[in-house]
Amino acid sequence: MNSWHLSFSNRLNYGPSENIVIPLAVSLNGSNRILMRAKLDSGSTFCIFQRLYADLLGLETERGVAERIGTATGAFTAYGHEITLTVMELEWRATVYFAEPEDFPVSVVGRVGFLDRLKVGLVIMNSRFISALTMRDEPGN
Amino acid sequence: MSTVSIPKVYPAHFKPDFSATREWLKQHWQEHVGKWVVLDGNRLIGEGDDPRPIVAAARVEGVTAPFVEFIRDESEPFMGGWY
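Taken in sequence, the protein lines are chains A and B. First residue of the first sequence: 40, per our numbering; consecutive thereafter. First residue of the second sequence: 1231, per our numbering; consecutive thereafter.
Bound-form chain A, shown alone:
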């Protein structure tokens, strides 16, 4: 039987009742820094944040790159801006999208800008929720 092994430099632990949320810091090159959490959504093409975070970063939401985002029940518009993301000991710049609707209920990290920057391992067994992250190009991975 084949087996594969990955090693990770950072690890998050979760209690059994919690969702898989990623704690992250967002900023514009280090200024207007905000701490927040976003659900990990591997089915989402983009990272999509509630638009209030754009306001808190000092961004004008509608001046970003507009995208229509499809969902199972319809579509909405979101605007892309390049910001700095910090997760544990890793940092990168990425375009994330801020939802146009004021009442957008959650923020998520998805494939572009998050999962395409890291290797992510998940263990959701026996009520042990662990997310492990490492740089995509880290030696040994």
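Calculated lysine-lysine pairs in the BS3-like style (CA-CA distance at most 27 angstroms, straight line):
| # | chain 1 | residue 1 | chain 2 | residue 2 |
| --- | --- | --- | --- | --- |
| 1 | B | K1256 | B | K1245 |
| 2 | A | K78 | B | K1265 |
| 3 | A | K78 | B | K1245 |
| 4 | A | K78 | B | K1238 |
| 5 | B | K1245 | A | K158 |
| 6 | B | K1256 | A | K78 |
| 7 | A | K78 | A | K158 |
| 8 | B | K1238 | A | K158 |
A few chain A residues that face chain B, going by a derived Cβ cut-off under 10 angstroms, partial list only:
| # | residue |
| --- | --- |
| 9 | N71 |
| 10 | Y92 |
| 11 | D94 |
| 12 | V126 |
| 13 | R132 |
| 14 | R156 |
Hints are computed from structural coordinates only; laboratory data are not their basis. These numbers come from a predicted model, not from an experiment. Even for Gly, the Cβ is constructed at its ideal location relative to N, Cα and C.
Using the hints, position chain B against chain A.
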């Protein structure tokens, strides 16, 4: 796709510590459902329908990285699934 992102990841200069905030949220989230909360570690700076004035006041107070979150009712299962 209309946007190309820069792919490089670096060691972080700023290393956020969420441990105190996470404990506060585990203990108190149910008291604040439907509101935005602004925290500095395990200290609740304020809550309300609009966190912007609370964050502005926190920055004046010297809080450089406030934690900001809308508290959802997590008793409802969540489905993302947009693409």
